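Trainee: Each chain is listed here by its residues.
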Amino acid sequence: MSNIVVFGGNSHPSLVNQICDNLGIKPSEVKLGKFSNGETSISIGESVREKDVYVIQSGCGHVNDNFLELLILLNACKTASASRVTAVMPYFCYSRQPDIPYTAKGAPLISKPKEVYTFESHPGTPLPSVLTTQKPLSHNVPENITECIIESAEELPDGLKQPLPKRLNMDTNLHKSPSQSRIPVVPEREENSSDLGSLFNASNAGYKLWVAQAGTLVANLLTTAGADHVITMDLHDAQFQGFFDIPVDNLYCKPIAQNYIQYNIPDYKEAVLVSPDAGGAKRAASIADALELSFALIHKERRSQLPKGPPNATFTSGGGLPISSHPLLGSSLGRSASHEMSHSSSKYVQTTMLVGDVRNKVCIIVDDLVDTSYTITRAAKLLKDQGASKVYALITHGVFSGDALNRVSQSAIDKIIVTNTVPQEKTIEVLGKDRVQVLNVSRVFGESIRRIHNGESISMLFEHGW
Amino acid sequence: MSANSIKLLAGNSHPDLAEKISKVLGVSLSKVGVYQYSNKETSVTIGESIRDEDVYIIQTGTGQQEINDFLMELLIMIHACRTASARRITAVIPNFPYARQDKKDKSRAPITAKLIANLLETAGCDHVITMDLHASQIQGFFHIPVDNLYAEPSVLNYIKTHTDVHNAILVSPDAGGAKRVASIADKLDLNFALIHKERQKANEVSRMVLVGDVRGKSCLLVDDMADTCGTLAKASEVLVDNGAKEVIAVVTHGIFSGSAKEKLRASKLSRIVCTNTVPVDLDLHILDQIDISPTLAEAIRRLHNGESVSYLFTHAPV
Chain H
22 MSNIVVFGGN
32 SHPSLVNQIC
42 DNLGIKPSEV
52 KLGKFSNGET
62 SISIGESVRE
72 KDVYVIQSGC
82 GHVNDNFLEL
92 LILLNACKTA
102 SASRVTAVMP
112 YFCYSRQPDI
122 PYTAKGAPLI
132 SKPKEVYTFE
142 SHPGTPLPSV
152 LTTQKPLSHN
162 VPENITECII
172 ESAEELPDGL
182 KQPLPKRLNM
192 DTNLHKSPSQ
202 SRIPVVPERE
212 ENSSDLGSLF
222 NASNAGYKLW
232 VAQAGTLVAN
242 LLTTAGADHV
252 ITMDLHDAQF
262 QGFFDIPVDN
272 LYCKPIAQNY
282 IQYNIPDYKE
292 AVLVSPDAGG
302 AKRAASIADA
312 LELSFALIHK
322 ERRSQLPKGP
332 PNATFTSGGG
342 LPISSHPLLG
352 SSLGRSASHE
362 MSHSSSKYVQ
372 TTMLVGDVRN
382 KVCIIVDDLV
392 DTSYTITRAA
402 KLLKDQGASK
412 VYALITHGVF
422 SGDALNRVSQ
432 SAIDKIIVTN
442 TVPQEKTIEV
452 LGKDRVQVLN
462 VSRVFGESIR
472 RIHNGESISM
482 LFEHGW
Chain E
153 MSANSIKLLA
163 GNSHPDLAEK
173 ISKVLGVSLS
183 KVGVYQYSNK
193 ETSVTIGESI
203 RDEDVYIIQT
213 GTGQQEINDF
223 LMELLIMIHA
233 CRTASARRIT
243 AVIPNFPYAR
253 QDKKDKSRAP
263 ITAKLIANLL
273 ETAGCDHVIT
283 MDLHASQIQG
293 FFHIPVDNLY
303 AEPSVLNYIK
313 THTDVHNAIL
323 VSPDAGGAKR
333 VASIADKLDL
343 NFALIHKERQ
353 KANEVSRMVL
363 VGDVRGKSCL
373 LVDDMADTCG
383 TLAKASEVLV
393 DNGAKEVIAV
403 VTHGIFSGSA
413 KEKLRASKLS
423 RIVCTNTVPV
433 DLDLHILDQI
443 DISPTLAEAI
453 RRLHNGESVS
463 YLFTHAPV
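Taken in sequence, the protein lines are chains H and E.
Position 376 of the first sequence, counted from 1, bears residue number 397 in the working numbering, the numbering being contiguous throughout.
Position 203 of the second sequence, counted from 1, bears residue number 355 in the working numbering, the numbering being contiguous throughout.
These are calculated hints, taken from the structure and not from any lab test.
Incorrect hints may appear among the rest.
[Claimed, not checked] Listed next, the in silico SDA-like pairs over lysine to any residue satisfying Cα-Cα at most 25 Å (straight line):
| hint | chain 1 | residue 1 | chain 2 | residue 2 |
| --- | --- | --- | --- | --- |
| 1 | E | Lys256 | H | Thr244 |
| 2 | H | Lys99 | E | Phe294 |
| 3 | H | Lys55 | E | Asn164 |
Since the model is a prediction, treat every value here as computed from it, not as a measurement.
Using the sequences provided together with the hints, build the complete structure.
Mentor: The following block contains the structure:
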C-alpha cells in the first residue's frame, strides 16, 4: 500500500487502529490537541504531498469538537498538497434531522437519570390486538395484558402526570370507538413552560417554527473543508448522499448483521425481525427477505390535535395551523416561567402499535441508530407484552446519549448487538459482557479504503460480509 | 418590496452583549431556541418569520470547552436563516475565533482562520462584522465584505478619562502590535516604547528586551488580546524593573484562559482593562471593562441603512 496515509481523529482511536491493522499500515502521525483558549490545534507529523489521505473521525462524543477537528484536518491535508482527501465517518453526525424542535419525547435534552423506567410511551401503548378487533376478551388472552394496562396508570418517574389512562375496564372500554381510546393526549410537561413559552406560544400562531436542518450544511462544510470523497455507514437517510457534490460511499452493516443472526441466534429461522418504526421498515424487511424470516412492524403515530380555542391565541395573523405548545423538553436557560403555554394551542397525540404476530417468538429489533433509546426500549416492552419470548436489538450506531444506557439496562431487551462505529466501552461496562455483543466494522472500512485507494469496485461489500 | 427591518439573533456565547446591542439599537432580540440534543448535536429553532429581513446574528468566539459548539451554532443559525429566506445575513463576531491560526508557519500547519472564513460563506453568510482582527489580512480570506471595526476610539476615550494621560507612555508588548500602539500614541500625542520578545513556543515567552525609556512614567500596555497573560505579566515586570511608576494593560479581547487569573494576580499590573467582546468572569479587583456595544450597534444600524461605516473607525458612539 504505497502512497496511502491514514489519520485518526480523537473520537475513536481504537477503531482507527483496527482499520489500520486490517490495511497492514500504521496510522500516520498527527498531534491533536487544544490551545489554552479552547481552539482546536492539530499538527501533521509527516508529509502528505501527492498522497491519498484518509481521515477517520466518528460523529460521537463531543460532536462539534470532533467535527471541527475533522474539518481542520481535512483542510490541513488539502493545503499541504494531498492528492485526494477522504473523510471516513463511521457514524455521520447530524444525519438525523428531526422536523420538530424536539420530538415529543424522542430526543430531549439530557434527562436526569432515573431509578426506574417504565418504557411506556406517553401515554401507555394501547393493545392493538384488543382494541382494533374489538372482540370481547376471551379466555385465551394472556393475563399480563391487564397487568400492563394497570401499570401504565402509574405516575411516571420523571414527574410526568400520566393522563388518566383509559383503564381497560372490560365492560366500558370495549364499546368505545377505537379511535378514542387509541389516541390519547400526551401530557404537558411542567418543566417545559419556561422561557420557551414565549417562543412557542399561541400568539405565534401562523408561523411554523423553522427548525434548522443541518444535513445540507454539514455536507457543504465537509466539501468546503476539502473532502474529495466520503465513506460512511448506514446513513440514517439514504437521501443524504444527494446533499453532497462529491462521491459518498454508504457502506451497509447488513451483511455483518445477517451473519450475526445466522451464526449466533439459536433457531433464527423461527425469529421475527421487527422494525421499531416505519422509517426503518425497509432496512428490517431487506434482512428478513435475505434470511427468509417473518417480519413485524411497530407503528408510531403522532398527530397534533387542533385546539378548539386556545385561551391566548390570536388567529387574526395568518390563521395558519397552530403549532405544538410543547415540543421542547425543558430548556437550558432557566428563565421565568410562563405557564400559559402549557394550556394553550395544540396537543400531541401519539399511539404505538404492533403490526404482525410475535407471540412466543424470538424478536430481533433492527434499527440504524440508538440515541436516547426511547424507541427501542418501548418497542421491546411492547414486544414482550405481546408475548415475545426473547428480544434482541440489532443496532448499527449505538450513540446512547443521556441516560440511554440506564434505560436499556432496565429494559426488556435481552441482548443488544451493536457495531463499533461509535466507541462501546461504556456500553459493555454498564450492560455487562453477556448482554452486549459488539460487531467489528473495521474490516469493512479497511477493505473499502483499500478498494477505493486501488480504484476497485466496492459494491461487493454491500452484499458480502466482511 | 416590503420594507425590511433589522432582526437581531443571538447565540449562546454572549447573551449579555447581545442584550446591550439590542438595547442600544432599540430592536428586541428575535426568538430563537439554540439548544443541544442529548447526543451533543446542536439544534436551532427560529421562532419568528425572518423572510426578506435583514438578519444580524451575534456570536463571539469564546469558551474553553464550547468554542467549537458556538462556532457550529453560528453556522447552523446562518444556514437556518438562509433556508428561511432571509434577505441578508450578517454575522456579528466581535472576537473572531481561530484568528491566530492564520498562516502556515510550519509545514502542514492548518490555516484554520481561512477555513472558518470558508465555512461561514458556505453556511450562507453575506457579510461579517468583527472587531480588532488579530491580523487584518484575515479580511482577505473572505469573498464577502468584512467590516473590521476598531476598539481604538473607545480605548482612546477610556485612556483620556480614566488614566493619568499626561504622564503616560504607550508600550507595545511585541513588535507585531507596534503599529496599533503607534497609532494610539499619535492620537494622544504621547511617546511610545516597545518590548521585543523572543518566543520559542506558542503561549510561552522567553526573553524580553525593552526599547525606550519608561522611567517614572505611567505605562499603558496595549495589545489586541490577552489570552494566557504570560506576555502581559512578563512585560509588566520588565517595565517595573525599568522604573515604570505603574503599568496598566489595555486589551481588546480579554480571553483569559488557563492560569490567566493567577498570573494577573501575581503580576505587577496595577490595572487590566478589556472590552466586552468576550464574556469575562475574572473576579479581580484590578479588572476594568469598556463597553463596545454602542460601536457594534451603530455599525449594524449603518449597515442596515446603507450608510458608511468608516466614521466608526475614528469615533466612538455613545
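Trainee: Can you name, in rising order, the numbers of the hints this structure does not satisfy?
Mentor: none
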